Amino acid sequence: MSATVSTIRQPLIEGGKTYHQITEDICTPTERTPSTAWVIAFLFAVTGLAVYVFCLAWTIWNGIGTWDLNRTIGWGWDITNFVWWVGIGHAGTLISAILLLFRQKWRTGVNRAAEAMTIFAVICAGQFPLIHMGRLWLAFFIFPYPNTRGPLWVNFNSPLLWDVFAISTYFTVSLLFWYTGLVPDFATIRDRAKGIRRKAYSFLAFGWTGSAKHWQRWESLSLVLAGLATPLVLSVHTIVSFDFATSIIPGWHTTIFPPYFVAGAIFSGFAMVQTLMLLTRKVLNLKQYITLEHIESMNKVILATGSIVGVAYLTELFIAWYSGYIYEQFAFYNRVLGPYWWSYVGMMACNVISPQVFWVKKFRRSIFVTFFMSIFVNIGMWFERFVIIATTLARDYLPSSWSYYTPTWVEIGLFVGTLGLFFTLYLIFSRVAPVIAIAEVKSILKSSGDQYSGPNAAKHHATQAEAH
Amino acid sequence: MKKGANEVLFGLYDDEEILIKAVKQAKADHLEIMDVYTPFPVHGLDPALGLAESRLHIAGFVYGAIGCLFGFLFMTWVFTRDWPIIFGGKPYFSAPAFIPITFELTVLFSAVGMVITFYTICGMGPGIMNPTLDDRITDDKFCIAFNANDASQETLDRLKGFFSSTGASEVQTKSI
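Same order as they appear, the protein sequences are chains A and B.
Its first residue numbered 1095, the first sequence is counted upward by one per residue in this note's numbering.
Its first residue numbered 2, the second sequence is counted upward by one per residue in this note's numbering.
For the record, the hints were derived by calculation from the structure and aren't laboratory data.
Values in this document were obtained by computation on a predicted structure and should not be read as measured data.
Please note: incorrect hints may appear among the correct ones.
As the list claims (entries may be wrong) - Which bits of chain A does chain B cover? Going by a derived footprint, with three or more residues having C-beta under 8 Å, they are:
| no. | region |
| --- | --- |
| 1 | 1108 to 1122 |
| 2 | 1279 to 1287 |
What the hints assert, rightly or not - Which bits of chain A does chain B cover? Going by a derived footprint, with three or more residues having C-beta under 8 Å, they are:
| no. | region |
| --- | --- |
| 3 | 1243 to 1249 |
| 4 | 1310 to 1318 |
Stated by the list, open to error - Below are the EDC-like pairs computed for lysine to aspartate or glutamate, each with C-alpha atoms no more than 20 Å apart in a straight line:
| no. | chain 1 | residue 1 | chain 2 | residue 2 |
| --- | --- | --- | --- | --- |
| 5 | A | Lys1540 | B | Asp16 |
| 6 | A | Lys1376 | A | Glu1118 |
| 7 | A | Lys1307 | B | Glu18 |
| 8 | A | Lys1307 | B | Asp36 |
C-beta atoms are modelled at their ideal positions from N, C-alpha and C, and glycine is treated no differently.
With the hints as extra help, turn the sequences into a complete structure.
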């Protein structure tokens, strides 16, 4: 069944694994008692979650007056965090859907965890638009439901409503895609488990048997869902960028926003995947499945999208100057040299300049450099959203309304708190579900296992022959 | 599958390449395979088994088309018939502004519809426990199953002969 694979391709599964060893390696972390590292990480994450709950309660009880937003700057950390989290979510869908359509086999090592990351990031993102409405208990007003006020419908022409549809569709489709992929792997855990765990996993496995017809339909479903998720993921950040681009604020009203936001989203998402994968492969001992080859591939994506984002920043500056429109020119002058110059510098340094180290192969394959870069990129992308939102609003049309904005402890607590929420969910996921798609890794073993392809294959065959 | 109704004779293979050869042999011998179970999707198995291509994607297209029409026509109805409002001096029927939501609903209907259809036709769902033949089928064993209800000793011997000649590592019977 070995498909034709170039001999110069590096193997994606190391250690001469058999099918059974793959099952063992990936299922074991869900079966043993959690390690000390996991417990410590979980305590930190739950503390963060507690901070979130407290700040959320504080905001709801006292109102969003506890934030430092003002008449001029109506969006601050709330929408910055929203866009940042949505962006992070995009890498999961990119890995699982777009790379599936492109038949990139390296996706099988990281897709499961990346999709989980997508779902958790979208959960975190969804908090902010809801909280920033102020009256959280009326959030259902954003959905077009038959009501007694006419019925009075929502404004379907508003990008903010498009956002509601985009984010909720994105969350639903990602969840279905992820869970359908998990079902066969839950069945694998079910068939290894005993007692109460077997009952629990039987429930989660939906009665999967592994029948040939079911596999055929499963593959067909995965392929079509990937085909649907691909334009979907591009549409989601496009629509998020419409929140800004369809306004009449100089600095927001630009046609470059959709591709620039999508590239930025993939960029930050891959950085977050790197952060999580480097920790996961170490803590769960999965270095033979998430190899340096995977890390290098992702670093190449980070380099490419980081450079696209860099080109977009420069294009914005050029077009602002070239337009000859003084308000546009002022908006960008202010963005670079205004009161928030430090966030522009942070953005440029983290997003455009530092990823250029990945032109060097040695750095692309260095765990240490990759980890630090992944953190840098996420800081940089957070700055990007802050630059777009706060800087632009701080200097609007009327100099008498100019203002400055710094977050209060409540806003900082909400952001740190969503990090806690995110990591709590991810850590629970890594305990109860296989973090690598078992069935999919098995299906590429014979074309990408190191005993079958790559430089180790010849050596492996030699030792095999000797052993006989 | 009804519980406790079927007597199944099945053989386990250690490798998918042996499995496919065995399936082809079974077809050549005109043995009626009840089902084949594998731990992962084995490419080349469908043609060997003679399985027709899944029509799930057609269902996906139909659901998507329904979502697309529903979204667009609903917004059109709301803004031209039910409660016309002028937004930003644009016409009531401002089709370009309906496109994003129309697209999202197309994707949503198609994805949700396909997933529900998939689980329904496969007889799966939350809490459903379908009987399985062997716990190792989701690990590293590849299984060919024959229906052995009311099978004569002669037929059973023939099937067992088939398993040993095609390299099955184990042969068992189980009623499911």
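Each hint tested on the structure:
1. 1108 to 1122: holds (count 4)
2. 1279 to 1287: Since three or more residues must qualify, the claim that chain B covers the region 1279 to 1287 of chain A holds, with 5 doing so at under 8 Å.
3. 1243 to 1249: Answer holds; 5 residues pass the 8 Å Cβ test.
4. 1310 to 1318: holds (count 8)
5. A:Lys1540 <-> B:Asp16: Distance ~11 Å between Lys1540 (chain A) and Asp16 (chain B) Cα, so the pair holds.
6. A:Lys1376 <-> A:Glu1118: Between Lys1376 (chain A) and Glu1118 (chain A) the Cα gap is close to 17 Å, so the pair holds against 20 Å.
7. A:Lys1307 <-> B:Glu18: holds, 18 Å
8. A:Lys1307 <-> B:Asp36: Holds, at roughly 8 Å.
In this structure, every one of the numbered hints holds.
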